[in-house]
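Please work from the sequences and hints to get the whole structure.
Here are the chains, one letter per residue:
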Amino acid sequence: MSLSRREALKVLVVAPGAAGGLKSLGSSSLQAGDRDQAGDRTVAAIAEVVLPAEADRVAALRRFNDWIANYHEGADTDHGYGNTRVRPTGPSPARNYPAQIAALDTAAKAQGAPGFAAASLEQRRAILEAAIADANVERLSARPTGAHIATDLMGHYFGSSEANDLCYNAAIGRDACRGLAGSENAPAPRATTVGPRK
Amino acid sequence: MTIDTDVCIVGGGISAAMLAQKLSELKPGVAITIVEAGTRIFDFENRAKYRQRSLDYGENAWPGDFIGDQAGAGIISRTMAVGGSALHWGGVTNRFSEEDLTLKSRYGLAVDWPLTWADLEKHYCEAERRLGVSGEPGPLPEDRRSEPYPMEPMPLSYNLKVLKEWAEKSGIPFQGTPQAKNTRPYDGRSACMRCNTCEICPTGARYSPDFTFKQLLAARKIELHDGTLVRRLVKSEDGRRIVAAQAIKRNGGEALEYRAKTFVLASGYAWSPHLLLLSNAANSSGMVGRYMAGHAFIGAQIELDARLYPGMNEQHSLISRKFFRCAPGTPYVRHDLRVWESSAGRDPRLKDTNGKLLLGDAVLADWRARTARGAARVRAYYDVHSSAESTLTLDSSKKNTWGDPLPAIHHVLDDATNARKTATRAHILGVFDALAKANNGRVFGVSEGSYLDHPAGGCRMGTDPTTSVCDSYGRTHDHANLFVVGSATLPTAGCTNGTLTFVAMTLRSAPEVAKSV
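Protein chains in written order, with the numbering used here: chain H, 1 to 198; chain C, 1 to 517.
Since the hints were derived computationally from the structure, they do not count as laboratory data. All the pointers check out, no bait thrown in.
Heads up, incomplete: computed chain C residues facing chain H, CB under 8 Å, no partners named: (1) Leu-55; (2) Gly-58; (3) Ala-61; (4) Tyr-309; (5) Gly-311; (6) Met-312; (7) Lys-351.
For each residue, glycine too, the CB sits at the ideal point set by N, CA and C.
And the structure:
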């Protein structure tokens with residue numbers, strides 16, 4: 001789904017402060033207000049490439065933003081069972097994003113575009129493919145790792161209950177509390193509140 | 001500071017909860033004090049929030065449920081809190097089988113338990129009532145029950161219905177796994193809402209001991225001293241009784257001494273023998289910290305011809321008890337067999353089989369193509385027997401804040417178990433293969449456990465004081481007023497989840513504990 005400018009703006013504004021005092025994910029050569037908007041546009045432009053057209057990209061970006069904003073560094077993690085281990089969460093993945101976003105803009109400019117967000121879809125795809133290769137990301141993680149903002153966004157979305165429903169075209173609601181009634185039946189078809197992007 | 005009580009229970013897990021509950025019924029007015037090193041996490045109102053943080057960020061769903069400096073090698077869960085490991089257990093309440101109690105007399109292996117199956121079965125029923133177990137009668141006559149389950153079974157999800165039909169094509173009978181989860185409101189707790197996160201149940205439908213402790217506290221039937229680490233048991237001059245338990249408040253370091261008519265260790269397979277070793281108590285046989293037990297396991301995934309919807313209820317499973325029995329005279333192998341829905345091998349991926357990067361629609365298309373066939377996760381817990389060299393020892397190189405050496409567990413299996421390992425593995429993989437072949441399936445992702453699950457032992461029960469630590473009621477042979485209850489007393493660990501057995505054995509001990517007061 002296409003992002004409105006208003007929706008796109010919300011994506012990363014909250015994240016930096018909550019993630020450890022970062023002020024912007026956009027280019028440092030811009031004024032502060034412009035930087036936020038530029039960063040937001042960049043992430044929205046990433047989403048157009050890495051998230052499927054059938055996805056509710058607005059909601060996906062909102063959830064990604066919320067995740068970043070509510071990340072707690074140094075929180076105790078589940079210590080597991082079997083090979084148990086007590087360890088805290090690490091630095092916010094968002095700490096790595098400003099440099100990654102800047103690099104995307106640099107790569108776009110090298111191809112003659114004013115910035116990543118203004119590059120064509122094909123250009124953006126090529127830039128992201130190169131960036132992901134450089135970051136040595138091999139698999140998707142449902143929880144962002146900071147390896148690259150593009151794969152973090154992908155992993156966060158594709159690991160979600162919403163994406164699971166989309167894949168199976170069924171209202172499974174994996175992470176919801178659903179009650180026992182009716183669980184013996186196949187899940188109902190997924191409600192299509194978001195249509196394919198035109 | 002000295003605290004006088006009638007019964008001092010050391011450890012605040014599921015065995016302690018059940019023992020305290022039953023003791024308070026058997027002996028109204030008896031003073032019961034439970035001393036637990038960990039803290040109480042009674043903020044049920046926050047559980048939905050903790051669940052969400054756990055889902056989103058992998059944060060500990062039971063914040064503060066461990067003690068930083070109280071750990072040991074070979075311990076498979078760090079949880080030390082009021083409620084113990086059963087705070088976050090999956091609620092699976094399988095029974096052992098009669099064979100587990102008669103290994104020596106039937107097969108010439110390990111040791112017989114010092115009680116009959118009929119005796120234990122009666123207490124299984126009681127444990128199921130107290131915990132609130134939902135289940136269905138099994139298809140095998142050997143699994144007959146003297147009482148029905150307290151609650152109707154958890155309905156099989158659509159996925160499990162499909163998988164049951166698939167699995168039974170192999171000729172192996174399956175049933176839904178019994179669970180301590182409410183299928184209707186029970187004991188003041190709500191019905192299951194199928195949240196898919198039983199390790200942190202936000203509705204209270206899955207039993208955890210904090211509910212029992214809160215009930216007992218509200219009725220003023222117990223004293224609960226959490227955050228208090230018992231460091232030593234003090235023996236009488238003649239050594240025949242325990243006169244005190246010396247403890248320390250972890251926060252502040254205040255020394256406490258508990259004086260009681262009866263002491264009960266309910267601290268599990270690690271910390272009960274650990275305390276006895278620290279105290280040089282109950283160990284005239286030299287068996288404390290020996291025969292540390294558990295069961296081994298092999299798991300796999302099976303791809304099959306079925307349209308499944310992963311995420312419907314990943315916590316519920318099928319079980320077959322067919323292989324709990326092994327005909328005498330045939331090669332010995334005993335195991336349970338579980339089947340779950342699975343998404344293994346069909347999760348969204350960044351690169352396809354050829355290493356090509358996938359983005360956007362391509363990820364979704366690839367994902368969908370790979371979910372045309374379904375997957376099942378299968379696992380067998382199999383029976384292994386420990387030798388006397390399977391030990392818990394005091395590790396003087398690792399000490400807690402108070403200078404006490406921490407435990408180290410080192411499992412060693414007996415010769416007979418080692419000798420049959422290859423055959424056991426081949427048998428179990430053959431069963432997985434039979435399941436797969438019954439429906440044009442394919443086994444993949446075989447894995448073997450790197451530890452023994454549902455650990456037990458360390459204070460094993462028996463009739464001979466020279467080869468065991470306690471009798472069948474957990475009363476130590478050396479000290480008339482010292483009991484051990486729960487997992488530590490088991491001579492062998494069966495081939496399925498142990499918690500119901502730990503609880504049943506504890507409930508069986510309760511009248512003897514009551515009589516001692």
